[in-house]
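S.K.: Assemble chain B onto chain A, guided by the hints.
Residue numbers (the UniProt record's numbering), protein chains in the order written: chain A, 1 to 205; chain B, 1 to 205.
Be careful, since some hints might not be right.
For chains that are exact copies, the list does not tell them apart, and a pair is met inside one copy or across any two.
Here are the simulated DSSO-like cross-link-like pairs (lysine-lysine), alpha carbons at most 27 Å apart as the crow flies [what the hints assert, rightly or not]: (1) K138 / K23; (2) K23 / K10; (3) K23 / K56; (4) K23 / K133.
Simulated from the structure, these hints should not be mistaken for laboratory data. Every value quoted in this text rests on a predicted model; they were computed, and no experiment measured them.
There are 2 protein chains.
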Amino acid sequence: MEFSSKLLEKAVNEMSQLPGVGKRTALRLVLHLLRQPESQTVQLAQALLNMRTEIKFCKSCNNISDNVLCEICSNPRRQQDLICVVEDIRDVMAIENTSSFKGLYHVLGGKISPMDGVGPHDLNITPLVNKVKEGQVKELIFALSPTMEGDTTNFYIFKQIQGLDVVTSTIARGIAVGDELEYADEVTLGRSILNRIPFEGSLKS
Amino acid sequence: MEFSSKLLEKAVNEMSQLPGVGKRTALRLVLHLLRQPESQTVQLAQALLNMRTEIKFCKSCNNISDNVLCEICSNPRRQQDLICVVEDIRDVMAIENTSSFKGLYHVLGGKISPMDGVGPHDLNITPLVNKVKEGQVKELIFALSPTMEGDTTNFYIFKQIQGLDVVTSTIARGIAVGDELEYADEVTLGRSILNRIPFEGSLKS
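So here's chain A without its partners, still in its complex pose (with noise of 0.2 Å):
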């Protein structure tokens, strides 16, 4: 692609560096601002700015806050003992938006990966062992994505923490509500039947 301007097309540039942007759309993006009122442009990159600089991760989470403890973890209504251990913050915000979880979370950052050159040491991992030790914790919730990564990721942090006095248990797997049984892939469809809960539980909601 040839520019007309190397202004533009430092601003293509470093706009496609994002993920699933390419040069074509950065280019659509970039012409849009160009359209807007100059306002816009300087809002948002004072809000990239901003949020770059000045963001901090909770010191007992890990997950994104304006203070030093997230508002989840200073809050005391919440159950101390009970920690939901999750792979990045929109995990939160997902289990958060069911309002089904009234204890704290543990953001690991990602999840193990040798393929990716993800250890356990690149994660969050250490601090929660340690929390555990403290004997803060009486339940862990693993609530990592059901793929090999997450399963080795709950396997290590598993490992890490057996023989303490804590309750661990990982999300329930099985046919999501509203699927249709004939199209569910036969591992969780054979987990379903073996992992099968009492009826009367399943009515809770």
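M.R.: Below, chain B alone, put in the same frame as chain A:
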């Protein structure tokens, strides 16, 4: 969506103002920036700011430029009395890529589209008509996308310069009707410029 940080929320909101970027995509992009070195965000923000505040539009053709006159208009080897009328800078880039046009451009900045509230006076049409009136132009090539709005715009300009000493042509309809100019392949686009036809001819259809 509930955010644990106002800074994050602001960044996501600003990002999702871009066309085709929803809240979920914006969050994905912003979290990506958080995982990258701070310099990437700084460079992106700076490039967008510089682009929006310092970019100029060529005094002659309205193309995006770093100088008062763009590189094409100030190139003495380009044919000065042959002007190709296009919708926006992406079309200039697409035609330049074919290397089949050696004249100048005139960027309208849009198409007449009453549905979107864009009338002739919102476009850069008057300077083009003035150029023709001053006798600077021998031939005008209409290279707008062959849609209803493009045809309307062609026809509006044609009526404005009717009777003046200028040849008008449109790019050949090798481009499928309804297609966007920027996505046409180079051969088709190049040929459609070489095989341009008198504007009166294109009215019969």
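S.K.: Indicate, hint by hint, whether the structure satisfies it.
M.R.: Verification of the supplied hints:
Within a single copy, K138 and K23 get their C-alpha atoms no closer than 50 Å, and across copies no closer than 36 Å, so neither meets the 27 Å cut-off. When the C-alpha separation of K23 and K10 is checked against a cutoff of 27 Å, the pair qualifies both within a copy, at 11 Å, and between copies, at 25 Å. Taking identical chains as interchangeable, the C-alpha atoms of K23 and K56 lie at most 27 Å apart only when they sit on different chains, with a minimum of 21 Å there against 32 Å within one chain. Proximity of K23 and K133 under a CA criterion of 27 Å is satisfied in neither setting, with 50 Å inside one chain copy and 39 Å between copies.
Taken one by one, the earlier hints fail for this structure at numbers 1, 4, listed in ascending order.
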